[in-house]
Structures are given as structure tokens and as C-alpha cells.
Amino acid sequence: MFNELLESLQTILSLQHISYMLGGVALGLAIGIFPGLGGIAGLSLLLPFLYGMDPISALAMLIGLVAVIPTSDTFTSVLMGIPGSSGSQATVLDGFPMAKKGQAARALSAAFTSSLFGGLFGAVILTGFVLIARPVILAFGSGELFMLTILGLSMVGALAGNSFVKGLSACGLGVLLGSVGSAPATGENRMVFDNFYLMDGLPLVVVGLGIFALPEIIDLLRQNKPIANASKLGSGWMEGIKDFLANKWLAVRCSVIGCIIGALPGLGGSVVDWIAYGHAVQTTKDKPEFGHGDVRGVIAPESSNNAKEGGGLVPTLLFGIPGSGSMAVFLGGMVLVGLEPGPAMVSTELSVTYTIVWSLALANVFGAGACMLISPWVARLTTIRYALLAPFMVMVICFAAYQATRDLGDLVTLLAIGFLGVLMKRFDWPRPAFLIGFVLASGMETYLYQAVQFDGIGFLLRPGVMIIGAITIFSLVFMYRQSAKKREEEASNDEASSNSTGANYNRRPQIIFAACVNIAFLYGIYDGFQQSFLGGVFTIVISSLMWVLSAIALYQLLRNPSNDPVYFDLEYIQGYAFDKDATSMMHYLYWLSGLIIGCYFVGYVISITVFFIAFLVVKASVSMWRATFLTTIAVGFLLALTQAMVLDLPIGLLQEAIALPWPIG
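Going letter by letter, the sequence shown gives residues 5 to 669 in my numbering.
Keep in mind the hints are simulated off the structure, nothing from the lab. We put the CB at the ideal spot given by N, CA and C, even for glycine. Errors might be hidden in some of the hints.
[As the list claims (entries may be wrong)] With a straight-line cut-off of 35 Å between C-alpha atoms, the simulated DSBU-like cross-links for lysine-lysine are:
id : residue 1 : residue 2
1  : Lys584    : Lys623
2  : Lys584    : Lys105
3  : Lys429    : Lys584
4  : Lys289    : Lys246
5  : Lys105    : Lys246
6  : Lys252    : Lys429
7  : Lys289    : Lys429
8  : Lys289    : Lys252
9  : Lys289    : Lys105
10 : Lys246    : Lys429
11 : Lys105    : Lys429
12 : Lys429    : Lys623
13 : Lys623    : Lys105
14 : Lys105    : Lys252
[Said to hold, decoys possible] The calculated label-pair distances, taken between Cβ atoms and stated as ranges, are:
id : residue 1 : residue 2 : range
15 : Pro59     : Asp652    : 27 to 35 Å
16 : Tyr604    : Leu13     : 53 to 61 Å
17 : Gly579    : Val621    : 25 to 33 Å
18 : Gly460    : Gln227    : 34 to 42 Å
19 : Ile523    : Thr190    : 44 to 52 Å
20 : Asp585    : Val256    : 36 to 44 Å
21 : Tyr604    : Leu340    : 56 to 64 Å
22 : Ile471    : Leu13     : 31 to 39 Å
23 : Leu657    : Glu243    : 48 to 56 Å
24 : Ser625    : His296    : 28 to 36 Å
Build out the structure end to end from the sequences listed, making use of the hints.
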């Protein structure tokens, strides 16, 4: 073992290996900064260049890219409220509010330091764990994986906001939308309304961008000011590092979570950051401000999502079972260069395995250093008036969303989920809870079906299931006690109530939205009864439970006094309801609707060009010449990226009719 370690160390320190690794790091930086693409797109772009390369050099590039994307995708999550990838969605909750307070440098510094620590921690743990991982991973069957999804859902309690029933109902709504499409057990189509696009389910990228990015863009546009008012952001860099050191044990715990979750096939990056974030919320006692700019809400997910890459390599290398989408593409890259994943990776190819592990550690150092280096310039984006940034953000979001399935339905779904996200934000129905439910829905049903099929109800008596169940119960009890303590503290201070203006609320909008959620669960019950037992039982059970909870929320909105925590309307909190000159919530959704309708008729390139110029002239009040210049740069960048990555854009009826020969979409 020690001989293989020394051999791998000598390999990774060679000039050739470092050069190829830096190439992968540079590409990973570019891909990570671009919202919504993430590791799958980056690795897919790199694969064609690996033909004929030396296996170790090819692995250096792959690892360089894999390691840095979870670090670089933090930029847009913190600076613009747009998740850079599915693994950086939880970072938005506190990183973006910190940027709006002028603390972007502090948030980025804490995030990059945490990412570096998580990546190194994952590599160190993986070094010793790689030899004992086989029996550990094989011990996890469908029953244990099902209980892990339950553990993930238990984190909803920590993210449920002011009203527990609204939080759980939001989670249930996410589970319901995550159940759209084919039933895992029978293949029956559920809640698709005879629409071919819905038969494959809703893409995570589209849902993540719609539920978080669009509401934040609209909110900032309505405020008509920069993301942050501070013009000098350099003073926060050391403070972010100090924040990490002050919360080092939180980073350690979340890195452990990342390693464990990353090693379990099927969970991966789309859930690990939420579990780590929920853990941070549940274990913090000293006046936390999670959701409003608490740096611990940045440290926790960033530590875990980098550590999970080390964990994800365990099943990928040992069994050829990828733990996530990016690991699936990485597996294809290994096969492409002549490496066969399996037991040989811990016997005859052990030196290659350790080369991969330590390349991961070194690439994390390079990636974090590069991000720190360019951060002062990137962070200055927060001081630009947001009306100038918004068209570019919309262009990027629509581009990333369309790459999910390359169907115009991606953009329509983006708009619909964005509208839902706007309403959930307005009425304080927690969007993180919704996204956790959506992410875990498919796996939860699949694992439950497999567990019952293999072991019957007896799967609940498996030791692993019982241990994870005990952890879940402990987590819920701990969370409930913390919540009760918080309520007592708030009750003792009559003046400190965020809903003190509740008596002035117009209850009708909140009641209508709650009623619509309740009706959605009723439809889920109805649709479930149209399927076979195995095809409909999951949605029937979930919808029935959530219909009861949403009915309780609706009843509370109808009957409880206006200072009850269930009441919340951001229009009143931010003062829009009292300002006759304020832009309406729907105004910018109409702009987005026009863009998507234009994509259908004339294609994306023409539509985004017109949208760009019109928005800059009308909403940002810039001259036509300047608007044309900025539009030319932005659209040119989009076309160059599309050409380089061999991606598609909606062509529209016009281009179909005249069959243009050049690739503008």
C-alpha cells in the first residue's frame, strides 16, 4: 500500500501531470461559473479530447474538472442568487443575502475555504477508506437507501420557516411534482395530461433554476438597485477564512456527511448540500440567521459538496456504479482511456486509484486558489445596477434550462416553476423544502418498491434501516425541541414579531394560493386512483397526507389571528402593497413570457436579441447604441459557447420554414 502511495505521489507531482490537471481546472472554472451546466456538461465536453491520450494524463484533466466545479459554481450562487449547479442550491439561501448586504467577499472566502477543506478531507478519508469501502457499500440495500431519503426529508423541519405545516406542505408539493411522469414500478404515466414532455418527468435543472433563480431576479429588478451597495469588497476575504476556522467542527461534520452520501449510488450532489444545510440549522443554538445571511449556511453545504466527490469515486472505481450524473460521465472517460473499474482498482491498479485520489486533493488546492484569485473582479458584479445584469442572467438561465432535454417545454416549465417560486417566496412557503421533496421523490419511491419487493415489510428490521431510522427520529426530536424553544423566546418578546403588521394584510391572496395547493393534492389523489395499485399507491399516500396538512394551513389562514406565524406576505413586508408606483409582481413574468413565445415563433437567437435590446432600452434606460453593443457581445458569446459545446438552441417556426443553413440554433 505504501509503495503505491509513493508511486502515485511521484506521478501527480510531475510537470506533465500538473499541466494536464491545470487544463482541467481551467475548463472546470469556466463551466462552473456558467449557471445550470455543472459537471455533466463539462465532462461531456472534455470526453472527445481524450481519445489517444495517456490514461494518467486523461485522468488528470478529468479530475481537475471534477474537483473544481463544486468550487467555482459558488460564484453565481452567492453573487446572483442563481444555483451554479444542483450541488450549490443550498448555498444560495445565505450566500446571496450576504452579497446583498455587501458581504460578497466574506461569503465567497468562507465558501472557497470550506470547499478546499471538504475536497482535501474527502481525499484523505478516501485514501484509507478505499480498501474497506467494498463491504460498507454492499451493506446498503434498497431499504437503507429508502431510509436515507426519509432522513433527507426530515431536514425539511429545519427549513420549514415560520409555519411547520406550510413547510411540510411545500415539501409534499415537491414530492408530487417529482412524481410526474412514469411510475418506477409499472411505467404508467402519472399526471402528464397526455403531454409527451411530461412523460419523462420534470428536469431537476429546470426546477432548480425556476424555483430559486427567477424569483430572485424579479425581486432585484423590482428593487431597481445593485445586488450590494458596497463598492469595496476586499476587506471581507480574511473575515471569511476566520469564519471557517470558527466553525471548523461544523465543516468536519458536513464533510463526513458529504463523503458518506457521495459514496451511495443514486443520491449524490443533488441532496448532499441540503442534508448538510439542515444539519447546520438543527445544531446551531446561538441566534442563527439562516436564510438571511448566516455564514454557517455557506460553510456547511460547501464543505459537503466538495467532500462528496471523494465519496462518489468509491462506488465508481470499485464497482463501476456511478454515484451521480457527473460520476457516470467520469466512468465513461475511464473506459474510454482503457481503465476498467472494478476490484482490480484496489489490487493490481491500486497505484492508479491513489493517483486519482491525490489528484483530487491537488486539484482542489489549485481550484480554490484560482477562485480566490479571480474573486475580487467577479465580486464587483454585485455593484452593477441589476437592470443591466438581468438580461444576461435571463439569457444564461434559459440557455441552461433548454439543455435539460432540448425541448421548448424546458422553457415553458421554467416559466411555470418560476411563477410558482415567486408565489412561494411571497407567501413564505419554503422553497428549499419544495426542492428537497422534488429531488428525493423518484429515489424514495424506487427504493421503497425495491425494498418491499425483495424483503417485504421485514426490510424495516434490517440493522442499517433501524440505525438510520433512529438517527432520523433523534434529528426530528432535536429539531422539535429547538423549534419549541424558539417559539418560547419569541412569545416572551411581544415586540419582536415579524408578522406584527399582519392585521393590515389582505388575506385573500394567501388563502387563494393555499387553496390551489390543496386542490393540487386532491388531483394527486384522483390521478393515483386511475393507476394500478403499484403505480398509484405512492402518490395516493403522499397526496392524502399532504392534503390534510395543506388543509390545516388553509384553515389557519381562514381562522387564526393575523399575528399568527402562518401569515406572511412579502408585498407588505417590503412595502410594495403601499407603493402605487411599484412594479407589479407579474410585470417581469410578462417579459419572460414574451421571450418564450418569441422562441416558439422565431427561435431563441432572434428572440433573445430583441429581448436584450428592448429590456436595456426600456427598463435599464440605456441608449440604443449602447444596448446594441452590449447585445452583440452577449449574443456573440452565446453563439460561440453553443458552437464550442455542440449544443442546440430553439429554432422556432420561422427558421424551420425557411431552413437556414447556418447553425444559429
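Tested hints:
Taking the CA atoms of Lys584 and Lys623, the gap is about 18 Å. The hint holds against a cut of 35 Å. Restraint check for Lys584 and Lys105: satisfied, since their Cα atoms lie roughly 26 Å apart, inside the 35 Å limit. Distance restraint check for Lys429 and Lys584: the Cα-Cα separation of roughly 21 Å lies within the 35 Å cut-off, and the hinted pair is therefore satisfied. Restraint check: the Cα-Cα separation between Lys289 and Lys246 comes to about 19 Å, which is no more than 35 Å; the hinted pair holds.
A threshold of 35 Å between alpha carbons decides the hint, and for Lys105 with Lys246 the separation of about 19 Å falls inside it, so the pair holds. Taking the CA atoms of Lys252 and Lys429, the gap is about 32 Å. The hint holds against a cut of 35 Å. For the given pair, Lys289 sits about 25 Å from Lys429 by alpha-carbon distance, which is consistent with the 35 Å threshold. Taken as a hint, the Lys289 and Lys252 pair is honoured in the structure, with Cα atoms around 16 Å apart against an allowance of 35 Å.
Restraint check: the Cα-Cα separation between Lys289 and Lys105 comes to about 23 Å, which is no more than 35 Å; the hinted pair holds. Straight-line distance between C-alpha atoms of Lys246 and Lys429 comes to about 32 Å, which keeps the hinted pair within the 35 Å bound. At most 35 Å may separate the alpha-carbon atoms for a hinted pair to count; Lys105 and Lys429 meet this at roughly 19 Å. Our distance criterion of 35 Å between C-alpha atoms is met by Lys429 and Lys623, whose separation comes to about 23 Å.
Restraint check for Lys623 and Lys105: the C-alpha separation of about 24 Å stays at or below 35 Å, so the hint holds. For a cut-off of 35 Å, the pair hint linking Lys105 to Lys252 stands: about 24 Å separates their Cα positions. At about 32 Å, the beta-carbon gap between Pro59 and Asp652 stays in the expected band of 27 to 35 Å. Taking 53 to 61 Å as the suggested C-beta distance range, the pair Tyr604 and Leu13 conforms, at roughly 56 Å.
Remark: the range hint 25 to 33 Å for Gly579 to Val621 is upheld by a beta-carbon distance near 28 Å. At about 56 Å, the beta-carbon gap between Gly460 and Gln227 misses the expected band of 34 to 42 Å. For the pair Ile523 and Thr190, the supplied restraint of 44 to 52 Å is violated, since their beta-carbon distance comes to about 26 Å. Remark: the range hint 36 to 44 Å for Asp585 to Val256 is contradicted by a beta-carbon distance near 51 Å.
Hint check: Tyr604 to Leu340, Cβ distance near 38 Å, so the stated range 56 to 64 Å is violated. Between Ile471 and Leu13 the beta carbon distance is about 37 Å. The supplied range of 31 to 39 Å therefore holds. For the pair Leu657 and Glu243, the beta carbons lie near 54 Å from each other, so the given range of 48 to 56 Å is met. Under the hint 28 to 36 Å, the C-beta atoms of Ser625 and His296, about 31 Å apart, fit the expected range.
In summary, the numbered hints that this structure violates are 18, 19, 20 and 21.
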